Structure formats: C-alpha cells, structure tokens
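Novice: Protein chains in written order, with this note's numbering: chain A, 1 to 448; chain B, 449 to 840; chain C, 841 to 1137.
No lab work stands behind these hints: they were computed from the structure. Be careful, since some hints might not be right.
[Stated by the list, open to error] Partner residues aside, some chain C positions facing chain A, computed with beta carbon under 7 angstroms: (1) GLN966; (2) PRO967; (3) ALA1102.
This one's a predicted model, so the numbers in the text were calculated from it and none came from an experiment. The beta carbon of each residue, even a glycine, is placed where N, CA and C say it ideally should be.
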Amino acid sequence: MGVSHYTVAGLTMIGEPGSIRNNENTPGGRAGPRVDRRSFLKATGTGLAATGLAGCLGDDDDGTVTLGAMYIFSGFASLYGDEAERGFDLAVEEINENGGIDGQDVEIIARDTEGDADTAIRQMTSLIEEDGVDGLFGLDSSGVAQAMAPQVEEQRVPLMVTHAATPFLTSPEGEHDNSVGNEWVFRNCNNLSIDMYGAAQVAAELNATEWATIGPDYAFGYETWDYFQAYLEGLGADAEFTEEQYPGLETSDFTPYISSVIGAEPDGVITPLWGADLTTFLGQADEAGWFDEIEYTLFSVGMGTDLPADGSPLPEGQHASTRYDPFVPESEENETFRETYYEEYDTLPTYNAEGAYRAVYLYKDAIEGDENDPEAIRDTFTGMEHSGPVGEYRFDEETNQAVVPAIWGAVSQDEEWESNVLDPVDVYDVTSDELDDLLADSELPSGV
Amino acid sequence: MSTGEEGIADRIGAFGHEAVRNGWTTERFALLGLLGLVLVAFGPTFQVYLFTEFMIIALFALAFNLLYGYTGLLSFGHAMFFAGGSYGMAMVLRDLTPHVADVVGSGIAPLVTFGLGAVAGVLLVLLIAIPVGWLSVRLEEIYFALITLAFGMLVFSVIIQNPGGLTNGTDGIIVTLGITEIAGIEFRLGDRQTYYFLTAAVVLPSVYAIWRVVTSPFGTVCKAIRESPDRAAALGVDVTYHRWMTFVVSAAFVGVAGVLMAGLANVASPYHAHWTTSAIPVVATVIGGATFFAGPIVGAFVFLYVRWGISRFPALEAHWELFFGLMLIGVVLYFKQGAAGGLLMLRGWLLDVRGAYDRGGTDAAVAYARESASARLGRTGGPSETEGGERE
Amino acid sequence: MDLSVILWFVSIADIVIGLSLGSRLFLIAVGLSLIFGVLGVLNFAHGAFYMIGAYVALAVTNHLIDNFWLAVVAGALAVGVVGVLIEVGTIRPLYERAEGELDQLIVTFGFVLVIHEVVRFVWGSQPYSMDAPASLAFSVSIAGSTFSAYRLFVIGAAFVVMAGLWLFVTKTYFGALVRGTSSDREMASMLGVDVPRLYTAVFFLGSFLAGLGGALSAPLQSTSPALGDQVIIDAFIIVVIGGLGSMFGAFVGAMLVGLMQAIGPQFIAAGHIAIPFVAMVIVLLFRPEGLFGGIGE
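Throw the hints in and build the complete structure from the sequences for me.
Specialist: Laid out in structure tokens, this is it:
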C-alpha cells in the first residue's frame, strides 16, 4: 500500500500532477490534490478552470493509454469515488506490471463529478479536450449519467458506466421519452431495472402486502419506486403501494420523513437512499424505532454503502442488494480478485470497486490487438463477451447493457471477514425478453 | 463632399494619422482587442472554452452591477434571471425542435430553435423580473438583499419541484445544440469555436448597450439616486420607478448571459438559480471594483483566470474559494476600487514615471518610482481616493 | 374551533420533531438576530459559525477528551472567540462607512467561503456523525412514537436558552445597556457606554450561541461542510419572519419553520420547500420589521 501505481509517462509533459490522484490519499479519501469543490458557484466552469492546461498537450501518441475516470470524490457520496479508485488503482497496477496494453502503460486521470451534471459535463469536456483520453468510465449518479450520454455521443468517445443505474441510460433513444441510450454508452454493472426485478422477487416471497419507499429526491429515487411497483405487478404479487417520501440529497435530518413512513404503517419499505444519506438515515431510523415498526426494509444500494461507511451499518437480517458480491460466483477469477483486494485494502471489495476494476480491463481487452481508436473500442464493446470477478457476461447489442444477474440477500455479520456480507444470497438471472414481458403493462423500458 | 468609398479611405487614413499622433487611443485599443478576440478563437480548445465562459460571466456581473454599482441596490438573487435564461433556452430546445423543423426544415432548425430559445429565455426573465422588481425595489439595503435572496430561492425551489414536468427537477434539462445545415454546409453550433464567436457576437453588443444605458440621461439619474436618494427625490425624480426600470434592464441582460450559459454548459441546472450562483457576480464585481463600468469585467477575468492559475498548484487548487474569500474581505476593507481601480492607479503611476523620465531621464524616473512607492507603503491601508476614481 | 382538530391532521410526533428542528434553528437564528438588532450587522457567516461549533465538538470528543458536555462548551467558546476576532478585525472598521451595512454583508460572505474551505482542509468533505452523551442515550415513547432522550433534551435546552436570554436582557445591567444601545447608539455613547466593547461582547454572545447550537445538534444530524450553507438560509428566513433584532421573534420563527419542515413532507410534498420563501417575501413586503419587533420582546 501507499505505492503510487501510476505511470508518470506523459505526466511531465502535462505538468499536471493535480489531476492525477496519488494513491497516498486513498485510504482516508480526503485532502487529495483533486478537483474538489462542493457548494459554491455550481454554475461556472470550475471543472475545466481547475484542471487542464492547454488542449494542444493532448497525449494521443505518447505511448500510454489514457483513460478518464469520473466519480464523486467529495461530499455526501465521496465514499463511492474512493471505492472506485481502489478498484481502478488495482487494475492499473496489475496491468502495468504485466506489460501494459500492447506494451503501453495505462494511465488514469480521475475527476470529481460532485454528483452534479453541470460539473460532470465540464470535467468530461476537460478530459477529452485537455487530456485527450482514449475512453471514459465511471459515473455514480443516474442524473449525471443521463446528462452525459448525449455529450459523449457528440464528442464520440466511449463511456463505460460502472455504477449509475438508471435503465434509461441503456434504453435506446426514442424508446421512451426519457431514454438517452446511444452507441457510445455502455454499462458493465446491473441496472436499476435488473435490481428491482430482484427486489420484486424478494418482496413477492415476503409476508408483506403494503409497501412504501423513502428515496432521494431525483430521478433515481422515483425510478426505483416506479420499477419496483411495475415488477411486483408484473409478477402478479398481491401488493399495495401506500407511501412515498423523497428527501433531498444531503438532508441532515431525515426524522420528518421517517416519521411519515412509519405513520403509514407499511409492511415493507424499499429504499434507494445512498451515500452518507443512507448512513445518516440508518442512525435516525434506528432512533425513531423504524426497525421495530417496519418488518422488512429492502436496501437497494445497501452493500455498496455498508462496507465503506464508518457510521451505522445495515441492521442484520434486513434485505440488501448488490451489483457484485465478493463470494458470487465461486470462480477462481473472483476469488483471486477478492483476496488481492483484501490484501491491498483490508476490506472486501464493493460493487463500485469491482465495476471500476473491470472497466479498466474492458478497455484493455478492447484495445489489445486492435487499434486504439474510439470507434474501434466502441465497436468491440458492442455485443462483447467478457468475464471478470462478477462472472461471465455479455453486452446486449441493442442496449449496451451488460446482462448480469440481480443479487439480493440477507445482511449478516461475518466473523471471518469482520464485515457485513449477504448470507444467504440469491442470484436472479435475467433475460431481456423476460424483463420486457414483466414490464409490458407499464410503459417502462427494461434497459437491458 | 466625398463619395462613400473615399470617405472610408479618408477615415482609415485619418485614423492612422491619429493613432500615430496620439499613441494609445481608444480606437486602437478596440482594434487590438478585436484582433485578440479573433486570435483567442484559434488558441487551444480549452482556452477558447475558458474565454467563452469569461465573456458570459463578465456579462452576468456587468448586468448585476447596473443595479448595484449604479443604484446602490445589492441583489442576492440575480441567479433567478441567470436560470430564467438558461431554462428558457433549454425548454424551447427540448420541446420545440421538432415543431420548428416542420416549419423551417430540419437543416436550419437547430439554429432557428436556438434563436427562439434565446428570445424565450429573455422573455421568461422579463416575465419574472417585472413583478419581482416592482415588489423588491420598495426595500433598501439589507432588506433588498434579503428579498431578492428570497425570490431567488423561491425560483430555485419551484425549479426543483418540477412543475408540470417542465423543469425536470434536480436533474436539470440537457441542452444539445445539434447540427445545423445551411446550403449543404454542416456545422455544429456547440463547436467550441462556433460557440465562442456566437458568444462574442452577443456579449459585445450587450456590453455596448449597457454602456449606452449608463451614459444616457437615465444612467445619470441612477447615479444621482445612488449618491443620495433623498436629494434625487427632492429634484422630482421618481426613485422607485427608476430603480424598478434598472432592475428590469439588469435582469434582462443577466438573462442573456443565462441563455449563453445553457449552450456552453450543455445543461440548464437548478443550481443556476441557487443563491451560490447569485454570489458569482457579487464576488466578481466587488473584486473588480463596483465603481467602474469595467470593474465587473475585470473582476470576471480575475475570477476565472486566477482560479485557473490557482489550479496550477495542486496543493491549492481544491481550496481556491479560500483565496476568493480572503480577496473579498481584503478588497472591501482596504481597497474599494477593486482590481479595475488598481489598474487605473497603475496606469496613472506609470504615466507619472514617464513624466519624470521625460523631465530628467532614467535617474529621475527611478527616483520618482522609489519615492512614490515608499510613500504609498508608508500610508496604511485605507481607501485612497486617487487618480481615476471617477464613477463612469 | 376546537384546537384538537389540528391534532387530527398533525400527530404529536410531528410536533415533537418540529420543535426539535426548530430548537436547533433557534440557536442559530437568535444570535443572528441579536447581532443585527444591536450592531446592525447581518452576519452571513452565522451558519458557518454553527458548523464550526459542530466540528469543534466532534474534534474534542474524538481526539481530546471523551466528555460530551465539555465538547459542547468547547465548541461554543471556540466559535465565540472566532466571532470576536472577526468582529474586531474586519467588521469594526466598517461601522462608520456610508454603505457599511452592505460592506459588512459582503465581508461576512467572504468568511463563509474562508470558513468552508478551512473546515474542508482540516476535516475533509465527508460527513461525520457523533454519539449522544451516554447519560441520554435511551429512548422515550411519546404518543406511540419513539424519540431519543437527547432529542427531547435539545428542545428543552432551546427553551432554557430563550428564558435565560430574556432574563439576561430584561433584568441585568448589561441587558439594559444592550437594549439602550440597540435603540439609540449615539445616546448610549453619550451616556458613557463603551459602545465598541459592547458590540464585541454582543458579537461574542451571538457567535457563542451559534457554536452552542452546532455542538448540541451534532448528535442529531450529519456534520459536513455543506451544513453551514444549508442552515444560513433557514436562519435568514426565521429572522425575517420573526423580525430582525427580535429574540422572541427568532424563537417563534424558528419553531414555525421547524414545524413547517416536519409537517410539510406529509401534506404538501410538492411545495413545502417553497413556502418559507413565500412567507419571507410577504413579511418583507408588508411587515419588514417582522412579526415581532424590538430586542427585548
């Protein structure tokens, strides 16, 4: 630990160590020399202003493969960025130690989207126009991802989304009013639609009919609820939907919302709260007697938040999902990744770490033996078959969505790993046709 | 009497003579400035982008200062007009592009829709600014700052509530400018250079228009109001009406800046209406010098380019707000003329040094420089009313 | 109309939550109002002061001594000292300036930026949570809802602070000076009041209260650098509704806004964020002195 994995080739020329995150900063994930700004002046181009030098320094031909990583590195959701960084750091280290990509080192330039579309677009512009990246990956927020999709199409640069989950991102433009999918945007983890399919399967098994939600006040919160309802109805389950609450992002006291949900007396609640909001919520929900009053709580971003957060953990016995489980599948590839990761960071990998890790390998596999050209990479990604810790999967040719299963399980504390894990864990394989069928009565696209 | 052609030739000749005779005339500066503008367009993409943004923020601040610098009303809610412009543009682009294409054909549709969006943005701003201004100008000082803050945040909260599905809530509206095709030639309006020239073509006339407003009799009345509202009222000026009109004009130009921002940022974000965005022109204007016409422009330049400069130092870049916070405090406490005032003082001082050089050569110039520098250093803080302190 | 009709719409739990939110807002707003009432300064950085209080309390319990009550005192005192430094160093020179009020607003806004960055530099941008003191770490059931005892304690603390301030301002000699100076500064000065010192003392008191509020609130909410920006706008709304300069107005305004935030999500999900701003605009237009005027009222 603590060794910088990055190659410095090209860096001296750019003279821009600030845009490269040093690994030294990883554990605490703060005070790193990165573009990092929270509340003030959202409207101006800080992203750009705070980063690259001149556009003429683009480094297409300097013998490195440069990838742009865009995650949330500051504020309430910075833990996702920190996790992702561990993942792509590990991948870069492994790849560069083993001869790079066709002999070229990989270099990753990480940028903070702040979870804000405006900032994210500026950061993307800077990565493409300043740093001349060969490809982009990342994105945590669905709102940001939806704003980015038309931009990467216009800039003609491939984008591998590793966390943002909105199905509209991989629903081809025109399929639905909100669809923004296009040939340049891919996603290597499961999406909200797949995840809610799993959630509905879990919910249908439970002894619960009245359902409620408490989610963040933006597309991701509403979509989770829409898809959850649509799949439950598609499965023909006996369910009523009684209460919905959408506190704003970075709410510091959820108590009024918690009280409203408890007041509605649902049997079960699905919550897509995420980041520090989830941690804050858990503490305050516990205080208000939530887990005594409400039988089942389904945490859809649960395991991605539980492991890295240093606040209230998910209560044992509740249901949580993950987009990758460190123990599923029981393959050699997964075991190696889990062990290496644990050795390096002393914690189990989250799905965000795995998604970022795998994104680097996807670029490696796409570029290797082929030319390093945006269109060539895009064409290789389309319909690509690939395998990684998450298992073997392929990208759907129409949507560019990786067809990976939904994973839900019960939260339980594991002594060996000193951490919460999902045990027992259920894997729900999906096919695009099946999801489309279940959603037929709603107007929602499956995004698979 | 000469023909038109000769007239132009004469004028160019006269201009040349004058330039040689007078040295740095305004015209020469203007010409050089224009040349610079064209040169920037062929610089690195990033610099083009940064300069485009500078022009937009400069217009934002300049329009804000029409109210603050010229009538003494400090608005902490001008972001509502910035957002008004960007949302007007974004909503038109989102909803009307197909309809426009039906009417004018799909080739030229993106350009026409952009024009419609700009008009819609400014109209939307006027629709907000006329009643809001009418109500707000009844209050002064802190109370005016508070009511504009309240109105601004009201607009912000309406936007994030996504009324009628119009604003797309906290996610904002994506702006894509599309590909325009005229007579077989395709171009992207969102192309860095194209958008740069477009921005320049809008911002320069806007700046000139604002200049005309402040130098008009209307502007004179505004200044009188700022100096003493009571005296102006005693002279028969309808103070409230003048403030209202200034408020509306100021808002309209902020709306223009917002329209341009939507295209540059590619998104109309609710944060365009947030009070932290309202703080941008305040910071730029105070740092640049509210008492000068060009103050907000200089301030916007400092704001964007100093920040870019800070970004050269990785240890500092994450904390550039600290720098602007300190600068704000320093300027208000010790140097109200701001950066524009500082530049004018520097110019005055350089002229004096040259005067000394003309009189007594290098030694005299050096002596003068040393003397004046030590005199200045000896004087503690305090706003110094020196050369060029006139309010335009 | 029978008041119990209200309870049909609003549960006891909502009222408790509203008072809990309101009591925290009160501790920020009352200092803001006090400072404006006496000094005529609208302190934009007051939300940032509140935030410092929370961070200092966190730092003390994490690194120095694991005693909650000492941490709260330390948070409040630290903010009081910061306030004094800022008042003496940067606000005092502006009292005599023609456009002093706006200049003070801008200077204190400068401190919003400075404090935000310093906090981020020292503590990073991720949120922290803090445990309630062990002596109050139990739950209480009211009308079928569960609350932590600490939440109820903070509500009580706000009432105690309000009562204490009222006694202080109306019954003590210092209070008389404060009231006198707020209504007529020059008269007070002629009568031999050391106005600058009084100003500094009041600024200390207002800042101290913000720090106290921040430290007391730390176990009830997450503490992040965004906190200051979030609360200052609420505080502005409260002091405007209650009346700039009125302590009692700050109390009533804070409780109103707190209740609005607690009840809003259930009834008017689509509008509850906008309502406080509408209220602020209406009060400014029709009763700019606020619903309650005067420092001692």
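Novice: All hints are to be evaluated individually against the structure, with a verdict given for each.
Specialist: For each hint, the structure was consulted:
no. : hint    : in the structure
1   : GLN966  : holds (5 angstroms)
2   : PRO967  : holds (4 angstroms)
3   : ALA1102 : holds (4 angstroms)
When held up to the earlier numbered hints, the structure conflicts with none and fits them all.
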